[in-house]
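What follows is the residue order along each chain.
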Amino acid sequence: MKGTEQLLDHAFALARRAHDPVPSEPPFGMETAILAHWRNSYASSNTDIYMVRLFRWAAILACLVAVAGGVWKSRDIAQISQRLDPETKIVDSALLAGLDG
Amino acid sequence: MQHDNFDEQDSLRRIEQGDEVAARELLRHFHPFVLKIVRAHLPRRISEEDLVQMIFIKVFHKLNQYTGRMPLEHWISRIAVNTCLNALKAEKIRPEWRLGDFSEEIAAGIEKLAATKVDTATNADFDFAKKLVTELIAQLAPEDRLVITLLHLEEKTVDEIHAITGWSRSVIKVRAFRARAKMKKMLNQREMLAVA
Chain A
0 MKGTEQLLDH AFALARRAHD PVPSEPPFGM ETAILAHWRN SYASSNTDIY MVRLFRWAAI
60 LACLVAVAGG VWKSRDIAQI SQRLDPETKI VDSALLAGLD G
Chain B
0 MQHDNFDEQD SLRRIEQGDE VAARELLRHF HPFVLKIVRA HLPRRISEED LVQMIFIKVF
60 HKLNQYTGRM PLEHWISRIA VNTCLNALKA EKIRPEWRLG DFSEEIAAGI EKLAATKVDT
120 ATNADFDFAK KLVTELIAQL APEDRLVITL LHLEEKTVDE IHAITGWSRS VIKVRAFRAR
180 AKMKKMLNQR EMLAVA
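Note that the protein sequences, when read in sequence, are chains A and B.
In terms of numbering that gives the first Met the number 0, the first sequence opens at residue 0 and continues consecutively.
In terms of numbering that gives the first Met the number 0, the second sequence opens at residue 0 and continues consecutively.
Calculated directly from the structure, the hints in this document are not laboratory data.
Note that the structure is predicted; figures quoted are calculated from it, not measured.
Even for Gly, the Cβ is constructed at its ideal location relative to N, Cα and C.
Keep in mind that a hint or two might mislead.
[Claimed, not checked] Distance ranges between label pairs, derived from CB positions: (1) B/Ala162 - A/Ala12: 44 to 50 Å; (2) B/Ala180 - A/Ala12: 16 to 22 Å; (3) B/Lys172 - A/Thr31: 21 to 27 Å.
[Claimed, not checked] Covered, in the sense of this in silico footprint (three residues per stretch, anywhere, with C-beta under 8 Å from a C-beta of chain A), are these stretches of chain B: (4) 19-32; (5) 50-63; (6) 67-81; (7) 161-167.
[Said to hold, decoys possible] Derived list of chain B stretches under chain A, where covered just means 3 residues or more per stretch with a C-beta under 8 Å from a C-beta of chain A: (8) 108-122; (9) 140-154.
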């Protein structure tokens, strides 16, 4: 078994020295395919970024409109409630009774 | 690596801005490095070119997730090794190795190999040893194959393998021990066959 252990280590030592030529540049077809893929994903990720930005601004704008609407409504409601003082209510009810009658 | 004037930070910045020339430079710079990893862990049923392409597509796809906490080379090697490992795992059918499964050429050359000294060995001896080791490693489970290749062919330390795979040091040592035992068993069977 010890001989086998040595043989294995010896095989590893020799295998590490085996010449394994590596091309200096990737094959043209592969390079083109990878870069085309990168271009597509870059373009789509950019589109995604623009869409996210667009939705973000749309959401902010919607919030502003809602707040402005709320402010406008609150003033309107305040005006209505001011109109509905006791005297106005009595007149209103009398008018309504007259109409009903 | 091939392009010594390659500026990693500059390249990453330009790629982020959509510079195709920078993407091409990065691809050419790391191609030999990735190819070596792929050749060391190549599954049988997939071409090395396909696997290299798959790895680079992943690298470019995930490049915006690269934080710079580790060298880019380590980050790429991790993607490459994991892609190879997944491809190896996808090869579900790994036929059981049997006595006499060595090709005749390899079986005949093992005796000669044992007598060959490293200092006086020829290129043919190196190539033969590589073939033998590749044949033995191919019979191992994907994880064991990865550990043995990194440890004994690429001469990585256990810490380096831990950094590449994320496995604990004890798991790496146990895997290496078991994988070596299996390889020795295969070689031993061959010796018994030779004696018989």
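How the hints compare with the structure:
1. Checked against the given bound of 44 to 50 Å, the beta carbons of B/Ala162 and A/Ala12, roughly 25 Å apart, lie outside it.
2. The beta-carbon spacing between B/Ala180 and A/Ala12, approximately 19 Å, falls within the hinted interval of 16 to 22 Å.
3. Checked against the hint of 21 to 27 Å, the pair B/Lys172 and A/Thr31 fails, with Cβ atoms roughly 43 Å apart.
4. Coverage of the segment 19-32 of chain B by chain A holds in this model, with 7 residues showing a Cβ closer than 8 Å to a Cβ of that chain against a need of three.
5. Check result for the segment 50-63 of chain B against chain A: holds, 7 residues qualifying (beta carbon to beta carbon below 8 Å, three or more required).
6. Only when three residues or more bring their CB closer than 8 Å to a CB of chain A does the claim for the segment 67-81 of chain B stand; here the count is 0, and the claim is violated.
7. Only residues whose beta carbon comes within less than 8 Å of a beta carbon in chain A count, and the segment 161-167 of chain B has 0; fewer than three means the coverage is violated.
8. Requiring three or more residues with a Cβ within less than 8 Å of a Cβ of chain A, the coverage given for the segment 108-122 of chain B holds, as 7 such residues are present.
9. Counting residues of the segment 140-154 of chain B whose CB lies closer than 8 Å to any CB of chain A gives 3, which reaches the minimum of 3, so the coverage claim holds.
The structure fails hints 1, 3, 6 and 7 (numbered hints given earlier, in ascending order).
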